[in-house]
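Counting from 1371, one number per residue, gives the positions in the sequence shown under the numbering used here.
None of the hints are false.
Per label pair, the in silico range of CB-to-CB distance:
#1 His1489 <-> Ala1394: 41 to 51 Å
#2 Glu1436 <-> Ala1490: 34 to 44 Å
#3 Glu1434 <-> Ala1490: 40 to 50 Å
#4 Lys1386 <-> Ala1406: 34 to 44 Å
Since the hints were derived computationally from the structure, they do not count as laboratory data. C-beta: ideal position from N, C-alpha, C; glycine also.
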Amino acid sequence: MTEFCLECSAVSVIRKGPGGEERALLCQIDLALRPASCNLLLGPTGSGKSTLLQVLAGLQRPSEGELRAFGEPVSRWTAGHRDLWRRRVGMAFQDPELFEELTVEENIAAPLLPRAMSHAAKRQACQSILESLQISSLAAQAVSDISGGERQRVALARAAVAEPEILLLDEPSAHQDAEHLELVLALIRGAAQRGACVVVATHDPRVLEALDLAQTLRLSGGRLEGSA
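All chains should be modelled from the sequences, with the hints used to inform the complete structure.
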């Protein structure tokens, strides 16, 4: 069995513009990520961080190259395999995509719905993560009524509540003051300690300084620095 949970080999993502011109969002990305690790993805806005996270999550197919998950080429998977893979991945986007008509707790509980867990166990998992991110008081509120920083923590809670093997976080420190940032960082550390592969995309130096990192990857113009 491979020691890596995720591997990219010469992965490129190419988009066509309205005039048919091609633009590379990612170019020849090579990387390997281990379980029980915290990995930082740095780069300015537009460098390709979010696109790379989407590739790792199985939400974006590479135009070229190959993504392997636990040694298996993702390109060979059926739609059913991809659906099962996404249940093993938790992702929080930079702009949280929440279910506006649902409450905070209902949003967080969504990844637990297909799990073979008792109702009590699901409720306990939600309560635990609500408390850890100091959003218990918001549990019954509609997400449309909470602040930007609170929405970010709800998205993080939803990504992490099912204890996924892969946790992908896009700017998780956005809109967080020092107190709430420490709660976010504690959750990230805990996920890596229990065996998850965590990838954090950020340009926040507070995150870089606070985490015990396996790798720091720097993207510029869709390329990893140091790549040809």
